[in-house]
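Start from the sequences and build out the full structure, keeping to the hints where you can.
Protein chains: 2
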Amino acid sequence: MMSYLSVNPYKGTRDFYPEDKRIQNYLFQTMRKVVQSYGYEEYDAPLIEDLSLYLAKSGEEIANEQTYTFIDRGGRKLAIRPEMTPSVSRMVARRRQELTYPLRLYSIPNLWRYERQQKGRFREHWQLNVDLFGLDSIQADNEIINIADDIWQTFGAKRSMYQFKINSRKFIDYVLSQYLKLTKDQTLRISKLIDRFNKMPITDFINQVDELISDQQRSFSVPEKLIEIIKTTDLMKLPKALLDIDEIKPIKELLELNSSNITNMAFDGTIMRGFDYYTDIIFEVFDTNPDNNRSMMGGGRYDGLVGLFGVDPLPTVGFGLGDATLLNFMLGHGLLPEITSGIQVYVVHVGQIWQKTRGIIKELRLLGINVAEGNPDRKVSDQISIAVKKKIPYILVIGEEELKSGNFTLKNLASSKEVKNDIRNLARIILDK
Amino acid sequence: MMSYLSVNPYKGTRDFYPEDKRIQNYLFQTMRKVVQSYGYEEYDAPLIEDLSLYLAKSGEEIANEQTYTFIDRGGRKLAIRPEMTPSVSRMVARRRQELTYPLRLYSIPNLWRYERQQKGRFREHWQLNVDLFGLDSIQADNEIINIADDIWQTFGAKRSMYQFKINSRKFIDYVLSQYLKLTKDQTLRISKLIDRFNKMPITDFINQVDELISDQQRSFSVPEKLIEIIKTTDLMKLPKALLDIDEIKPIKELLELNSSNITNMAFDGTIMRGFDYYTDIIFEVFDTNPDNNRSMMGGGRYDGLVGLFGVDPLPTVGFGLGDATLLNFMLGHGLLPEITSGIQVYVVHVGQIWQKTRGIIKELRLLGINVAEGNPDRKVSDQISIAVKKKIPYILVIGEEELKSGNFTLKNLASSKEVKNDIRNLARIILDK
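Quick note, the sequences are listed as chains A and B, same order. Taking my numbering, I'd label the letters of the first sequence as residues 7 to 439. Taking my numbering, I'd label the letters of the second sequence as residues 7 to 439.
Derived from the structure by calculation, the hints contain no laboratory data. Warning: the hint list may mix true and false statements.
Identical chains blur together in the list; that is why a pair holds if it fits in one copy or across any two.
Here are the simulated lysine to aspartate or glutamate pairs, EDC-like style, with alpha carbons at most 16 Å apart [as the list claims (entries may be wrong)]:
id	residue 1	residue 2
1	Lys362	Glu259
2	Lys395	Glu104
3	Lys231	Asp179
4	Lys17	Asp78
5	Lys362	Glu262
6	Lys17	Asp56
7	Lys368	Asp156
8	Lys410	Asp318
9	Lys396	Glu104
10	Lys171	Asp388
11	Lys255	Asp221
Right, dumping it as structure tokens:
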């Protein structure tokens, strides 16, 4: 007995039927419009890269456990990209001298992660990546954060719907190594723990910190002091000794600069971002909807990555925005508009005379109208019901009589209004719509 | 000593810097415009599919030797898609009952093939896929061929620049099994040989056919008769016994139907298409440029593929168009227009007052203008030279004086003409451009 092929896509991935793809295109086009208004230009990189590209700085868990890796027929160790930042850094390094700065780049690549299925997470997803290279000052961080915010605003989001959380790797480093006087190794390990702070009970966090520190440090209440710092959302409530250090200045400046526009931005010491490459400001944007209360967007400054390729280092700030959590956000807040197929007219054939209708239909297309045709083998009523189901605004009936007279009937399916006229006048009606 | 990461992309792949991506976007947008005018809707499928999807019908060489395959952590045999047809067939089968027909679908996926590097061939390439499901008659083949032709015409190609070659699997099957009276196995093997006819010396072809046939068949001059048939480009010169068979009718009809518009279409019995799934009409489009004399586009009817998934079979016609050969075609015939970055204004900062310029620049963006900013740390002349290098049409100079007076200087970099006015009036000038 013959066995049939499975109709299902690979686990953790999505098929995009036209109604799904239209939504994705709408999301991507809106993102494009915003980033292009800031002068960002689109790039792309190969889907597959050398595995070593990710081992360097993506972070252990991502490069080793969550990445699709394989060996090609030439023995090369490869990876399907789990993120875009290493690729764009490689590309910039490759033309370090020829490129002009500030360099503003964006891309909307598909990325792959080997991970458990959960709501809003897929093995294949798409992510807007926006990066600004070659601008050293806080102006760069500010530009990136304003683009990020502009995207949410352009999607129609209110400030109550999303929340910016901002932190700094340099600041947390200072807290751990200078303020709490931890060793280099403790600082590294506890940084990783902070990254998971919101994913575990607070007692677990304390226990795990306890295990990493000495008795003397415990007696100095290191875990409690740390928690107090990272749980504060008001900078002014931080210990006085931290308020005037250089490491806190970028956070302060960004909050002040945007105090009148991005009013939904606050300090959050638990934001760490998983990747090893961040060097200073980091931020995430959360959905405030309790059903989708997750990070939707994240980024920060990574000044060291381009230099890993043996060229002059380059200050860089960027962020990523994934399609799946964004879609959940849009749906959860009722922000997604109805998006139609873009087909403007459905030709309903009366009889088997499709050969004779070529000229008329071609003329409509030349006038810039998107025309789909029904199947002449089907009844007129069946053809019409397909147009209705597909929410196409107009049907155009064509039979022998219409071809002879040059007068065709155009019907608006929403209003049921019919107009009989020649093709040019009917085209005008369609295009006015 | 630390070793640096390589800046090069994986062998056989391409980085797309903004100037490359702009061209690709132009090619894709033009394709989209044409297929949407015929009522086609975009879909997408996961990049990775079960390997079995390709083993069934893609053809042995493609599925086994040329595909990137690997096994995931759950033990599943997977493939990075080498073509899109199996995926779209799977998707249609998955919703066989809910979908409405005729169903018109397109996609522009990236595809992977493990192959030797050669001009216009890459391991990763993009391919427009256009498919029409559920229309049985020659009307479907005709629609697909007309879309294919419309794409070339919309790119500005003249008929002398490209050539349609049309054939039929059913016709060649009839020639081999009925006319030349070959066995089923001989028919299959010689079909595969014909597919490589243009890639080998004619004497090799004869020798290889000779090896597959009996002495009696040789005495009947099978190789010579076959070559005469597949080398003819004029249907009327075929043996009389072949002129009125059912299997030749679709070829004849398509040639007749398009004799006044697609004048660069002819029969070519050597066109076989590698894939095993074609069932009737097949066609390819060749560049006539002797430096790029290769197939750029190919397709045909594959009525059996959807049925492999255990649902009712569905008549289907489609084609694919790859990005790399298309780009060679456009370049070879001088058809590629100049495509700019889309950045309309470059802000040249005078002094460290970027914080104060936020409002002015935001206003330009709200008016729909794409604005990139120079680096305030650089000299004015350096900022201007970047705008010139990037071919941005306008620069806008902003310093303390301009902010105070509300009058800014806008310079058209092509004409060197300067205008001093308030921001709204300058925006009008930019948008008129």
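Results of checking the hints against the structure:
1. In this assembly of identical chains, the alpha carbons of Lys362 and Glu259 lie at most 16 Å apart only when taken from different copies (14 Å versus 70 Å within one copy).
2. In the homo-oligomer, the alpha carbons of Lys395 and Glu104 lie at most 16 Å apart only across protomers (11 Å), although the nearest pairing inside one protomer, at 53 Å, exceeds that limit.
3. Proximity of Lys231 and Asp179 under a CA criterion of 16 Å is satisfied intra-copy only: 14 Å inside one chain copy versus 81 Å between copies.
4. Taking CA atoms no more than 16 Å apart as the test, Lys17 paired with Asp78 passes between copies only; the shortest distance there is 11 Å, against 23 Å inside one copy.
5. Proximity of Lys362 and Glu262 under a CA criterion of 16 Å is satisfied inter-copy only: 13 Å between copies versus 69 Å inside one chain copy.
6. Taking the shortest alpha-carbon separations for Lys17 and Asp56, only the inter-copy value of 10 Å comes in at or below 16 Å, while the best intra-copy value is 25 Å.
7. Taking the closest pair of Cα atoms, Lys368 and Asp156 come within 16 Å of each other only across two copies (10 Å); inside a single copy the shortest separation is 41 Å, beyond that limit.
8. For the homomeric pair Lys410 and Asp318, neither the shortest alpha-carbon distance inside one copy (74 Å) nor that between copies (39 Å) is at most 16 Å.
9. With identical chains, the CA atoms of Lys396 and Glu104 are at most 16 Å apart between copies only, with a shortest distance of 12 Å across copies and 50 Å within one.
10. Within a single copy, Lys171 and Asp388 get their C-alpha atoms no closer than 54 Å, and across copies no closer than 36 Å, so neither meets the 16 Å cut-off.
11. Proximity of Lys255 and Asp221 under a CA criterion of 16 Å is satisfied in neither setting, with 33 Å inside one chain copy and 91 Å between copies.
When the structure is compared with the earlier hints, violations turn up for hints 8, 10 and 11 and for no others.
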